Amino acid sequence: MSVNPRLARLLEHPALWRGRSTARVPTWSTGFPMLDAGLPGGGWPRAGLVEILTPQVGVGELQLLIPTLARLTGLTPARWVAWIAPPFEPFAPALAAHGVALERQLIVRTSLPLWAMEQALGSGACEAALAWVQQARPRSLRRLQLATERGRTLGFVFRSVATAHEASPAVLRLSIVPRGEAVEVVLLKSRGGAREPIRVEIGHE
Amino acid sequence: MSERSRLAANSEQRIADSQNALADVSGPQLSALSSKLAGAAVAPAAAALWLAAHLPAIAFDAVCREGGDALPIAVVELVQRVQRVVAASPAARERGVAPGMVLAAALALEPRLDARARDTGAERTLLERLAAAAGEVTPRVSLEPPDGLLLEVRGSLALFGGVEAVCEKLRAAARSVGVRAQLALAPTPLAALAGARVPRRRGSALFRVMHRAELVGALAPLPLAVLRWPEDLNARLAKMGVTRIGQALRLPRAGFARRFGPAALAALDRLVGGEVEPRRAVAQRERYRARREPSYELTDQPAVVAFLAPMLAELEAFLRSRQGSLTALDCRLHHRGLAATRCRLRFAQPAFAADAIGFLLGERLAATVLTAPVTACELVSSRFVPRHASSAALWQSGEHGGSPANEAPALIERLRARLGEESVYGLCLVPEHRPEVAGRRVVALRGATRASSEQREANGEQRTANSQKALAVASGSQLSALSSKLGSAAAARRPLWLLSTPLLMSAPGAWPQYEGPLEKLAGPERIETGWWDDRDVTRDYYVMRNRAAAQLWVYRERRPPHEWYLQGIFG
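Protein chains in written order, with this note's numbering: chain A, 1 to 205; chain B, 1001 to 1571.
With the rest of the complex left out, here is chain A (with noise of 0.2 Å):
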């Protein structure tokens, strides 16, 4: 099919979406091979709100992102990244161990998780920050979608895999099955990912 080259040009504009093709927004690696190539734009994306669903806490959904965190807080100048209410202590030690930078991590301890991440994110003080949320309403989601473009700001939200049903504002959407040493990932939303279950291996060692 011939296009006009400038249209063709037109057409690869970042805020320009048209249906499942992949829209090339900017990305940071993921750390997983599989989990790249079945994203978006090869990556999560570098500003926007992704929102993964779990089962339970503790099925595997912080060791997928463990690697990224470990990238951005060695970016340099490096920003912060935010913990918003974690449901436990994160372990120093093993943090460490995995290449986290534990000075830029900043946890916060809150009633008011929305407020506190919409904060994080709307600063431009953090790269990334990572919210675990009980409730939420899309209206509320769609202010903190609104928050990580301003602060160009990665943003995690950890809810519920009950809450799938669920309209959500997130530019994407996973969730996370656990299955034995590696997790199923699957895309509920995503502007262009892959259709299917990706199977990520986060194989401790």
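Hints may contain errors.
Claimed, not checked - Example chain A residues on the side facing chain B (calculated, C-beta under 8 Å, incomplete):
{"#": "1", "residue": "L10"}
{"#": "2", "residue": "Q63"}
{"#": "3", "residue": "P93"}
{"#": "4", "residue": "G124"}
{"#": "5", "residue": "A125"}
Stated by the list, open to error - Derived CB-CB ranges, DEER-like:
{"#": "6", "chain 1": "B", "residue 1": "R1180", "chain 2": "A", "residue 2": "W115", "range": "40 to 50 Å"}
{"#": "7", "chain 1": "B", "residue 1": "R1336", "chain 2": "A", "residue 2": "H165", "range": "49 to 59 Å"}
{"#": "8", "chain 1": "B", "residue 1": "A1339", "chain 2": "A", "residue 2": "E181", "range": "50 to 60 Å"}
{"#": "9", "chain 1": "B", "residue 1": "P1302", "chain 2": "A", "residue 2": "W115", "range": "18 to 28 Å"}
These are calculated hints, taken from the structure and not from any lab test. All figures in this text were calculated on a predicted structure; none of them were measured in a lab. All C-beta atoms, glycine included, are put in the ideal place defined by N, C-alpha and C.
On the provided structure of chain A, position chain B as indicated by the hints.
Chain B in isolation, oriented as in the chain A frame:
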């Protein structure tokens, strides 16, 4: 030769005689400077210039803060067992109430008169606050209690652009403090004070003498009363027909000293600059502390915030005059009959802007519960740290080359103000095998401020002397080396999540359960350490997987009763 010119020549002679004519400036380097100046040709323009502020209504301003002019109010004081009026509002003066009057007489003139007791403590506080505010004009401010202030402004004229600008700055300071001030400029402190004390009529010009040569002529028509000599001395002079300063200056010196005492003659000499009069500058305070009482009780947070706003503006001016900034600020809200509500703000980076501090204070107050109406507000600052001006970056944070230099402290402060100090923290590694002490919470953005180093010291003190050796906190370059060492030694089989307190698991049949039966993946790994403090552990650690496929870090106590605990989740 006329009397006056002889007197002036006399005083000029005396200036030349005394080497330290210009040494009313305090400090050794200044006296060195003045002797150098005196050696060269003495230019009168280079001499000190004093700006005096006389506060004629300070007794009234101290007890009646706002909007009292329209009401018949009088301030009374007990003088020799008689209540006398010392100050009165314009409304009361219109009815004939005048200072010096007995209270009974004043009440006869105006039956609705609101008589208030004089508060000399409040007057002194007011004067000190004006002195602090005047620190913006010049560092050389001295108090002239009970109702005067002296500023040496020769150097400030060039800085602020002339006499009018300097006077306007001092008037603005007086307005912000809430007092009325009459100003005067003269080359000697006493002359400036005398000029300021002359009662003003509407539209009368500023008493302004820039050079010593013009001083005697300008002082001559002023009444002797402005010098505040004892009453009987003034009366004796008046009997001789001497009521003006010029007349007193014209009297023969020897006879004047014999009749009226050498002190009065010395005062005249100081007045015209014949004798140098050193002044002690007010020591500027190292901390800001202020307490204000609203005229009515404040019941909700927005009212408290609004009431604090002018105090914060004053704090900002206070900081600006010292080029300082704050690491912490204490706010105390006093209640009637109850303990004060305290809230302490800690800044991630030194702060000085009133609106930024006000925003954080507002956030913090919104989160605090007011147990009772607020009767007084108090602000106490930390010690000052020097202010470092910073320039804005070309790149925004997140762009190529942009660094979050300003955004990160602002974010941390906002979160802390709303959520509390202890809710926002960073992580730090401790070389230690016991999982519960291997990671530690630290103040986020540590090392950036003094407040955080104080916090660190406080943390250090909590630990025992023994464990302090063992728990040397690693930081910076040590950290990466340490992390790689720990990583290899422990083979990275450490969970990403740690439970703050280990969870006791049920173990029917000697094997633990957690939401169903557990499957062993790795273990046991023995950790047995900590005998030097009272928290020694001896445990066998296992990695297990539960039915929901979450990997758990579980340990079994080696001491009886051999309980199983869940301590971590691999995440």
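Against the structure, the hints:
no., hint, verdict
1, L10, "24 Å, violated"
2, Q63, "6 Å, holds"
3, P93, "5 Å, holds"
4, G124, "4 Å, holds"
5, A125, "4 Å, holds"
6, B/R1180 to A/W115: 40 to 50 Å, "47 Å, holds"
7, B/R1336 to A/H165: 49 to 59 Å, "56 Å, holds"
8, B/A1339 to A/E181: 50 to 60 Å, "58 Å, holds"
9, B/P1302 to A/W115: 18 to 28 Å, "19 Å, holds"
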